[in-house]
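Q: Line order of the protein sequences matches chains A and B.
Our numbering numbers the first residue of the first sequence as 28 and each following residue consecutively.
Our numbering numbers the first residue of the second sequence as 28 and each following residue consecutively.
It should be emphasised that the hints constitute simulated quantities derived from the structure, not laboratory data.
There could be a bad hint or two in this list.
When chains are identical, the list treats them as one kind, so a pair holds in a single copy or across two.
In silico DSSO-like pairs for lysine-lysine, Cα to Cα no more than 30 Å straight-line [stated by the list, open to error]:
#1 Lys-83 / Lys-54
#2 Lys-54 / Lys-88
#3 Lys-55 / Lys-216
#4 Lys-365 / Lys-285
#5 Lys-338 / Lys-365
#6 Lys-88 / Lys-55
All of these numbers come straight from a predicted model, not from anything done at the bench.
There are 2 protein chains.
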Amino acid sequence: MASLVLKFGGTSVGSAEAILLVADKVKKLKEEGNSLAVVVSAMSGETNRLLDLANKFKAEKGKAVDFLLATGEQVSVALLCSALESLGVICHPMAGWQVPIQTDNSFGKAKITEITPDNIVNLMDDGVVVITGFQGVDQSNNITTLGRGGSDTSAVAIAAAIGADECRIYTDVRGVFTTDPRIVSDARKLDVITYEEMLELAGLGAKVLQIRAVEFARNYNVKLRVLSTFNEDPGTLIIDEEEGMGMEQALISGITLKKNEAQIMLSNVPDRPGIAADILGPVAEKNIEVDMIVQNIGSNGIADFTFTVPKLDFDETVMILNNLSNQLGGSIISGDDKIVKLSIVGVGMRSHAGIASKMFSVLAAENINIKMISTSEIKISVVIEEKYGELAVRCLHTAFELQSTISK
Amino acid sequence: MASLVLKFGGTSVGSAEAILLVADKVKKLKEEGNSLAVVVSAMSGETNRLLDLANKFKAEKGKAVDFLLATGEQVSVALLCSALESLGVICHPMAGWQVPIQTDNSFGKAKITEITPDNIVNLMDDGVVVITGFQGVDQSNNITTLGRGGSDTSAVAIAAAIGADECRIYTDVRGVFTTDPRIVSDARKLDVITYEEMLELAGLGAKVLQIRAVEFARNYNVKLRVLSTFNEDPGTLIIDEEEGMGMEQALISGITLKKNEAQIMLSNVPDRPGIAADILGPVAEKNIEVDMIVQNIGSNGIADFTFTVPKLDFDETVMILNNLSNQLGGSIISGDDKIVKLSIVGVGMRSHAGIASKMFSVLAAENINIKMISTSEIKISVVIEEKYGELAVRCLHTAFELQSTISK
């Protein structure tokens, strides 16, 4: 018997059949004696439908748009409650303002400032509390939304507020995998992963869980589990590194491949203070997201500066830099939009030397040239030619023995 | 410069084009210096769409259904605000709970208990306040709905609470007519009508305005105006009878025809206390709505008892009565489902004798047989054969000189 927060995403409440499946799962957990709060997203497609309505009046963000979008989760909560009631489960629908989930007033990307747990805790005693994800209320009682994927954050924040034993994020995948199973067919589902690894994996494109939610869970020490609505697999538990100390620590836990990137190289850049800002400032001003940044400084006071941007922004970035030729002196600008970024992630690499060299050897053995390298404490990323992306993932997955050991 | 509450129904906010039309109207009224609160219904069809979703889980009413339905108006408010903002009008979206509009906890048919005007009044100073109709919040902070058509009531209640100079109900008709223009082509739009007349007309089927809203307006002395979203006609003003004293009072203000009725006749009913309850109790238990009731008692202690029910419930009603033969002694049950109810309404009939006899003469001149008569202070209703319904309306409309005097 535990106190659990369950979160179901848009696909899990995307149809009457799916909602009944969720209701059934909730009912079973309740009957096992658990104390439950359930957080739901809008039905898949609903938020886009609402945004399309708003766009007819050129409204993209603001108080009215949040007022609009908040209805999406409200509908899901109502329908899940109806389904639960049809199965004889007592339940209590709650909108963000009813909890209340206090936020700041940044409409469309509000941050949760406080959750008063009393209403939820009291109602959990005699039934299942079903709460709208993704939304809250600011100090002036305006409805706010947390931005895309904010329902994960709502769930974790609620779990922290009520001191839940576990926060379970139900999705349409079985958990977190060592790599994309579409690339490596025997990719293994991880039973346990640390917050830090999850953060690196989430940021790299393993989109099972919103990165803000993982940060929140780490900061408030909420035990987080990612699992599938559509089967009984226990999923992946996300824990603090210390908690995992006793376990045999895998060297690396996952490999990710980020496509749709492009690389920009500036050579012969004068090595003077502020040059990086001169280059990246005008790029950031255009809201172009810069990912990897690498700079080498030669002994002659001339630097090479390389960074990556989304492929879609490649042409614009090159144009911006060409317009900067005055500031950049005689820099030579070149670029490549046929690249991918490949990363291996694992807290194990902190204590085991040689992971980087093993990675580079594996790639070399396949004659894959590395065009850029960047490392963090628990991650090594390389940029390679696009055409080698999936081959490289497969080779590394095998080399680091990440594959499933269960015979299929 | 006045303080106005404007209410727009589902058709008026049923599409982006309609919403822009509404926004334009609101903007003009604001620019004329009026202080405005706007109440909106759900987009036409939206409430039914939501109910269909709930019905997939056999949910028809209760806390969760109100939680669901309330999203309909929330969407309308958000879209109207977006449209107003696109025209440069400052506006403030408000849900029922934000006002707050306090109600009891009868989900699906909640009654408004109190409206705190401060939030609305304060926000009206610097912009247009746009409020969800049809909904409120109970003492436990649950979302409630007022039932179908409740948005009219919301508007009137808000007008009463903030002491508005006028409450304007915008619909898709020009106002209240002397009779259905589809029956009488030169039916006249009434410029002024009393609350009492409106109540009788609304109850009889002139469905421009919810009856609860009219009662509310009368009780709180709110000046009410019914007008069209889609033209500039000033519509029909609904006022207190005393206010109209100085006007030349028309004898009657309207004629209504209620189809889909059936008549049940019991003859030879024993005239004893409780017999009416014995007859109607079992009918009411089946939720069959009884409209007219007429009883004649003969000198021999034997009564005739006649009443009307919706045509759809005719067969069931006859069956119920047949099962009551024990209590009803030797009563003879007969019925007729080919009838209509025709009513003339007017406060003028209080002071003018002879309206009833004029009505009966007009019908007699057309050889129309009257099967049942029932009167109230300002209304006379008759039941006649279905096939004569529209003919009777036309003859009476002419006889009482209700037609439009404006040449077309």
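Q: Decide, hint by hint, whether the structure agrees.
A: These are the hints, each one checked on the structure:
1. Lys-83 / Lys-54: So Lys-83 and Lys-54 pass the 30 Å test across copies only (18 Å; inside, 41 Å).
2. Lys-54 / Lys-88: Answer is between; shortest inter-copy Cα gap is 21 Å, intra-copy 37 Å.
3. Lys-55 / Lys-216: within (25 Å within a copy, 62 Å between copies)
4. Lys-365 / Lys-285: within (12 Å within a copy, 74 Å between copies)
5. Lys-338 / Lys-365: Within one copy, since 9 Å is at most 30 Å while 74 Å is not.
6. Lys-88 / Lys-55: Answer is between: at 25 Å across copies they meet the 30 Å cutoff, but 40 Å inside does not.
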